[in-house]
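Protein chains: 4
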Amino acid sequence: MNKREIQKILPKPPFFETSVKNYIFGDDVYNYALAVDAAAKKYDVDAIFIAPYTEIRRIAENTDRIFVFAPYMDTLKPGRGIADVLPEAIKSAGAKGVMLNHCERPMTLPQIKRTIDRANELGLITFACADSISETKAIAQFQPDIINPEPSELIGTDQASNMDYVVETLKVVKEIFPNILVEQAAGITTGRQIYDFIMAGNDAAGSASGILNSPDPYKLLDEMVYNVRKAKDELEKSKGHKK
Amino acid sequence: MNKREIQKILPKPPFFETSVKNYIFGDDVYNYALAVDAAAKKYDVDAIFIAPYTEIRRIAENTDRIFVFAPYMDTLKPGRGIADVLPEAIKSAGAKGVMLNHCERPMTLPQIKRTIDRANELGLITFACADSISETKAIAQFQPDIINPEPSELIGTDQASNMDYVVETLKVVKEIFPNILVEQAAGITTGRQIYDFIMAGNDAAGSASGILNSPDPYKLLDEMVYNVRKAKDELEKSKGHKK
Amino acid sequence: MNKREIQKILPKPPFFETSVKNYIFGDDVYNYALAVDAAAKKYDVDAIFIAPYTEIRRIAENTDRIFVFAPYMDTLKPGRGIADVLPEAIKSAGAKGVMLNHCERPMTLPQIKRTIDRANELGLITFACADSISETKAIAQFQPDIINPEPSELIGTDQASNMDYVVETLKVVKEIFPNILVEQAAGITTGRQIYDFIMAGNDAAGSASGILNSPDPYKLLDEMVYNVRKAKDELEKSKGHKK
Amino acid sequence: MNKREIQKILPKPPFFETSVKNYIFGDDVYNYALAVDAAAKKYDVDAIFIAPYTEIRRIAENTDRIFVFAPYMDTLKPGRGIADVLPEAIKSAGAKGVMLNHCERPMTLPQIKRTIDRANELGLITFACADSISETKAIAQFQPDIINPEPSELIGTDQASNMDYVVETLKVVKEIFPNILVEQAAGITTGRQIYDFIMAGNDAAGSASGILNSPDPYKLLDEMVYNVRKAKDELEKSKGHKK
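Chains as they are written, first to last, in this note's numbering: chain S, 10 to 252; chain R, 10 to 252; chain W, 10 to 252; chain F, 10 to 252.
Bound conformation, chain S alone (with noise of 0.2 angstroms):
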């Protein structure tokens, strides 16, 4: 699939993301996905959920609005390499999309380009991170679909990147493939914070541990994708305005 192509089958922005990393498994992971599906629909925004593994097929067959990603894939054609991510595997487990370069995960430069092209050509849409204002540079050059330009010291915490940060990455990124779409997802806890980087100019926002480390996870889930609503109907009413 060209990227024209790939441009069409893209979340439409502003959209909400979340995953699990490890922290949970099994039914917790396929309960929580439902929820995220339910809330997409709920208030008709558009959702990546990152799914381990072993629940991505479960949770695409079981869902319609979420776009289901791997985590990671690597990047052989079928044949050996029995432990290896197979990208043919996920996209036909229901996957849309993979994560690569996850700071719990980095990946070289010619690994990226691979992970990228192996990709595009299976029609599943990438995810990137970076970790500085410099990486998110580097890897905005490969042109993966989307960037989320978290830095690395802030993920896992409830510290979300300062507005500067957020303004600087979304800046440069556009100025490098103004298609490439901007997450921004570090440290997020609240509603409001969502709400705030999407105004700023993003075209997504999400929020991992920050909403399964939180006492009442499905409402902070709820409350979050209420922000990316709110945030796009402003949005819309503001370019009505102008017109």
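Treat the hints with care, since some could be wrong.
Stated by the list, open to error - Below, in silico cross-link-like pairs of lysine-lysine (PhoX-like), each with a Cα-Cα straight-line distance of 25 angstroms or less:
id: 1; chain 1: S; residue 1: 51; chain 2: S; residue 2: 17
id: 2; chain 1: W; residue 1: 180; chain 2: S; residue 2: 183
id: 3; chain 1: S; residue 1: 183; chain 2: W; residue 2: 183
id: 4; chain 1: F; residue 1: 122; chain 2: R; residue 2: 122
Stated by the list, open to error - Sample of chain F residues with no beta-carbon within 12 angstroms of chain R, all distances over it, derived:
id: 5; residue: 16
id: 6; residue: 114
id: 7; residue: 122
id: 8; residue: 144
id: 9; residue: 152
I should point out that these hints are in silico values taken from the structure, not numbers from a laboratory.
Just so you know, even glycine gets a beta-carbon here, dropped at the ideal spot from N, CA and C.
Add chains R, W and F to chain S, keeping to what the hints say.
Showing chains R, W and F alone in chain S's frame:
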């Protein structure tokens, strides 16, 4: 789970083992797994099926005789590590065991030890690969439940281990820990080889590429599982005679 | 050492660069290094010599014109890590710089950043390899002192980068940080290529296997360094004319 | 070189072993190596000195009693692999042997085998580390020349292996291959421990951080090597008595 408890959940020798590596994916894996399950029931023998991560759950939920194994796992505890294969994740998806140290994903000694420790902790059966006599003896020290001493230069070929190698690896494993089950799988392409290797005293025999690359995989699969049964019957008869 | 200070210790463009990879070892490396040093003095140009770890000290102590570089370093601080290449160790052995991200030892983005940070800290010059236009732009974001944009498929062959690639990589680097020096080295086998690449505006040109695999390496080495000088003279003359 | 020939070039038990890991670098390593060489001559015992790659040659050229070892090597043949440690390179720099599988650079089983094969081919002595009884038995299968069964949790601490562990590891190695020399080094901080471990039947004893972190390293070094001599004399005397 301690070793005594794991002994009780092991497949009953002689048993069959197969996998798909990454030669096929999606429904092809699923359908092949169903056929292995059907053959295991038809001939009333146990069988291990090593499935790609993404297919473990679907296969485990829709079969009842085969033992579904993961091809690898990491050793992290629930938490961060988004691209890792969490032991709890494969177990909750329905895996009964895990393969380790396949020559396509070799492990360091500390990694072998940690993988076996984590598997024991969760009650997952360990299936360790070794690619020479020395490596077989080395890996036996860590007391996995099953060892597959497969000369790596024969994997994926149609050339089986010779009987001297088979007899020798069987002997060295049983000298180290008599409870470790020994399976032979290198380059097996016929039912007759399955029969011969089990009659030579092995606890199991198996084939992956030998079946998948054959002109009629489902027919060859049936023939191989039939030969496990045939060997089993003769071994039991000969035990009877001895009494 | 900050970037301004490192600027002062860089080789003066146009300069020459060579290495032996692991094609030769021991005295053969040493004698080749002495020849490079001699040629650098004969033609009064700077030259980088990338030496195996074990030969860095001997070469550094017995030459006076060449800049000895290590082919890689780890980023640990003094302490444990017995098999690692300590930055302080290569510096104290006489290395003036370090190569990083060679396609035979690709690095993750965080590793690239940490290597450049550690090198800057110790006043070691950084020489980064890139194997495509995208990778060249990516690695330039981390501001190494020198970039070698070498298409990996040409390394070790006798086919040079074409002039379009050379001109394009030079341009993209200088647009990102004008102070980064650009060297071309892919598949160079003749003095004429050295001359052409420098005349095209590159700060340096070099060759490793091109020299070592030639029938008369010492003669070809001399010819290449001569061509650096020749290009340098013409560039200076043309600058003079412009005044 | 076959195993019989390598037997002839091994250090004579009981011998001493030490290294600097990466705690120190440059001249500090060199001066320490000279002191080890002087102590080995003073007390007329053999000693292994594991040196950083960059110091192997200088130390080997300026000492005459110590056996200089590399802390690791790759297994490539001369050719590409610019950042790798070529076996021929460490040998030509003067190394007499190579350490492998240190817990700070653990190896897969195939890597252990290849490293020992390459070392045998070049006549380099192999010194393998193991960090538990199981790992000691495992690595002994590959028949390295020397095994150092050092519980990894004690490395770099001031706590020595207890005598039960020492006696057990010694026994299991000798049962597998009586010709493998056994050295104890975990957490040794006094000359008395050196003496005790050798008197318990080990072929060697050593210390790295125990010496380097002591208030007077050169004094402690002397005391340790003296204790090797003392143990040697008593063992010889007791052999004499037996005749």
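Now the hints, each set against the structure:
The straight-line distance between the Cα atoms of residue 51 of chain S and residue 17 of chain S is roughly 23 angstroms, inside the 25 angstroms bound, and the hint therefore holds. Between residue 180 of chain W and residue 183 of chain S the alpha-carbon distance is near 21 angstroms, which keeps this suggested pair within the 25 angstroms criterion. Between residue 183 of chain S and residue 183 of chain W the alpha-carbon distance is near 21 angstroms, which keeps this suggested pair within the 25 angstroms criterion. For the suggested pair residue 122 of chain F and residue 122 of chain R, the alpha carbons sit about 18 angstroms apart, so the restraint of at most 25 angstroms is met.
Here residue 16 of chain F stays apart from chain R, with its beta-carbon at least about 19 angstroms from theirs, past the 12 angstroms limit. The Cβ of residue 114 of chain F sits about 9 angstroms from the closest Cβ of chain R, inside the 12 angstroms cut-off, so the non-interface label is violated. Separation of residue 122 of chain F from chain R is inadequate, the least Cβ-Cβ distance of about 7 angstroms not exceeding the 12 angstroms criterion. A Cβ of chain R approaches the Cβ of residue 144 of chain F within 12 angstroms, the least distance being about 5 angstroms, so the stated non-interface status is violated.
At roughly 8 angstroms, the least C-beta separation between residue 152 of chain F and chain R is not larger than 12 angstroms, which violates its mark as non-interface.
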